[in-house]
Amino acid sequence: MLTGAQVLNGLRSVFIFLILFLIFVTIIEGLLYIVVSGVRKTSPARLVLPIAVAVVGLLFMVQRGPDFPWVQFDLTTDWLHILLMTVMAEVVVLGLLLNIKALAPLGIALLTIVTMLRIGLPPPTTITGNSLLIDEWPFILTAGAAMFLLMLGAITQPKVSLAYMLIAPAVIAIALLVIYPFVYTIFLAFSDATANFQFLRYGKTNYSLQLGWDNFTRVFSGTLLPDIHSSFWNLLGITVAWTVINVIFHVSGGMGLALLLNRDLAHWSKAVYRTILILPWAIPGIIAILAFSGEFNGTYGFINIILRDLGVNNPPQWQSDPNYAFLMVCIINIWLGIPFMMVSILGGLQSISKEFYEAAEIDGANGWQQFRNITIPLIRPVLTPIVILGTIWTFNNFNVIYLADRQGKTNILVTALYRIFGDLRNYHLAAAFSLVIFVLLMIFAVGWIRLNGGLKGVYES
Amino acid sequence: MIKQPSSQMHSTLAQPAIPSHTGVRPRSSFFRASRGDSPFKRLLIHLVLIAYCIITIYPISRVISVALRPGDQLLSGDLSVIPANATLNSFNTVLNGRPFYEWIFNSLLITIAVTVIGLVLASTAAYAFSRFKFVGRGPGLVFLLANQMIPATMLVLPIFLMLSRLGLTQQYAGIIFAYSVSAVPFSVWILKGYYDTIPQDLEEAAQVDGTTRLGAFWRVIVPLSTPALAIAALFNFTQAWNEYLLASLIFNHNDPTTNQQITTWPVGLNTMLGQFTSEWGNFAAASVMVAIPVMILFLYSSKWLIGGLTLGGVKG
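One line per chain: the protein sequences are A and B, in this order.
For the first sequence, counting from 1, position 157 maps to 157 in this note's numbering; every step adds exactly one.
For the second sequence, counting from 1, position 39 maps to 39 in this note's numbering; every step adds exactly one.
Keep in mind that the hints were calculated from the coordinates and are not lab data.
No experiment lies behind these values; they were computed from the predicted model shown.
There's no promise every hint is true.
[To be verified] Short derived list, chain B residues pointing at chain A, Cβ under 10 Å:
#, residue
1, A173
2, L269
3, A286
Where is the CB? At the ideal position from N, CA and C, for every residue including glycine.
Based on the provided sequences and hints, a complete structural model is requested.
Now the structure itself:
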């Protein structure tokens with residue numbers, strides 16, 4: 001049961017986290033601001049301070065990593081620190097907003113002092129014999145490199161330095177949560193990491209090229225899961241089949257329903273149909289998947305009950321027969337995915353002027369010719385991106401297969417990946433495997449970009 | 001290639017029904033004639049749509065019917081939507097016998113914090129991408145698009161390892177931190193597209209009146225872009241609310257004897273359906289209680305949501 005203490009504890013830690021976020025943002029912004037104002041007055045000596053503050057701050061944060069005292073405040077005893085930090089952060093924000101140049105550096109200086117007082121000097125250099133500075137250096141490096149690039153941009157282009165300040169929080173967060181994990185995956189692929197305490201807590205594991213070679217050859221030659229049908233090529237084949245089947249049914253089903261809804265039906269009936277038809281999209285996916293998979297139960301699910309009523313004597317055991325399990329996840333995903341396609345295509349159809357169809361009708365074109373020569377060309381700008389998006393989403397669709405197929409009879413690449421690190425805890429193999437999947441996706445993306453004439457639209461807009 | 005009349009280009013709303021070229025507006029609105037659809041054809045259209053509506057609704061209604069069944073009839077071959085001797089016992093069990101409030105509280109807390117942080121990150125970055133020409137803008141936008149391609153399954157392991165290294169897997173802060181950027185790339189694209197449509201004169205006027213550039217952003221752009229911010233907030237919200245991968249990874253790695261773990265509702269619901277002891281009735285009751293508010297929110301906001309999706313999609 002949920003107790004009052006739990007609620008308080010939760011609210012407190014989230015409140016503190018939000019304050020820390022504010023502080024984090026203001027430190028970044030303040031540093032960039034000092035850099036920019038330093039550059040404008042052409043005094044490079046001013047650069048020394050912000051860089052030193054950044055480095056020292058990062059080192060402190062990392063060295064105290066395992067305890068993470070920042071988030072273990074107690075509101076009853078630490079209220080003064082929290083209050084002070086908030087005030088300081090606000091001073092910096094105000095300084096930036098009101099363009100009072102002196103306030104930002106002042107706020108940052110005070111903030112740093114308060115933070116250091118809170119953490120306590122000097123920090124422990126080692127924790128149970130492991131220097132975290134060494135184990136966590138990629139983490140520092142990523143954030144530091146992002147900050148360095150931002151500073152570089154702000155220094156070289158002082159006229160648009162505000163842009164760098166505005167993107168700084170997002171860039172650093174993405175660097176820590178996308179780029180660092182990606183780089184770390186490459187490291188893991190050349191290691192023998194598994195779920196033991198030393199690795200989970202301190203990141204201690206062996207790295208070598210030989211280990212990397214072993215991991216990658218195992219991805220391509222061995223079986224990845226205990227199931228004998230789980231070689232890489234087998235999984236790739238199933239993934240391609242899964243993607244193609246689903247996208248074809250999503251697009252054709254969505255197109256069919258959208259075309260029907262786009263006929264001149266009574267307005268209210270259209271609204272009712274539309275609301276009902278988008279329900280599978282509106283339900284939280286996990287609930288829909290779990291509930292639907294239960295209905296494929298061999299004895300009690302409604303699908304087999306209906307099949308038996310229709311006279312099928314031995315309805316399939318969906319969960320235990322691998323072929324039927326694949327059919328089952330396809331049915332569930334098609335049911336789930338049609339509404340999105342339908343709604344997107346309907347939006348495109350409604351923007352096509354009716355004059356085209358009237359003109360075509362006068363010229364004597366039949367329904368198919370109208371669809372072929374008017375609807376398809378005019379809907380292509382809407383259709384192409386959603387088909388691409390749908391393909392990527394289906395290829396990466398983890399939830400449907402993992403949650404619906406309770407006995408793990410069907411696997412595509414991403415579910416096999418999860419089973420390797422989540423269930424088998426084989427981190428090094430999973431890392432190598434995920435890099436292979438990533439390369440496959442990149443080949444697909446580059447091919448698509450080549451076919452569609454580059455990314456001009458992105459640069460121009 | 002046929003060019004469309006430009007006035008029609010952006011109207012995605014339903015157009016008013018124009019009387020067809022016969023010039024006579026038929027009486028019956030349910031089977032109104034258009035583009036030469038015969039009554040038979042219109043009947044057929046309605047039949048197909050009604051058939052698919054049944055396919056859509058029946059599995060959903062089954063969840064409600066399972067939730068209403070008494071405990072001894074959970075496994076039965078009954079097909080009716082409202083079962084005989086319907087009871088609210090399962091709801092009672094979930095609310096009083098399972099940590100349901102705790103799951104919802106955890107999810108809600110994490111989701112709200114993630115939404116706030118995601119919005120702050122995305123709205124400021126989108127403003128920079130929309131208004132400034134700086135080195136790294138083009139590659140940055142392409143990177144944000146390419147981000148969509150990286151499977152979440154791939155990043156979840158290193159993020160989990162990072163959290164466990166920092167000792168944050170049992171803390172709200174760690175989970176919020178890990179979720180915080182998941183919807184940011186998409187939100188940046190949506191918001192940038194919207195900011196592009198706001199004329200720059202407005203900010204310049206504000207700056208003439210004496211505010212700074214950031215002041216203009218805060219006082220002019222942010223209030224004007226409320227619809228786009230609402231879409232971005234919704235995306236962040238649904239992304240965090242439905243996140244299952246990392247939550248389950250943390251849950252699976254936890255020592256079940258410590259009750260320190262933070263369980264969100266997707267993981268909690270999934271634990272109800274263990275291999276041997278499936279609590280279908282309780283699961284269905286919990287599902288109904290989670291799904292109904294979300295469905296209402298979704299249906300209420302679907303118009304903007306769909307507009308936002310195509311806005312982000314067409315650009316890509």
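Checked hints:
1. A173: holds (4 Å)
2. L269: This interface hint holds because 7 Å falls under the 10 Å limit.
3. A286: holds (9 Å)
In summary, this structure violates none of the numbered hints.
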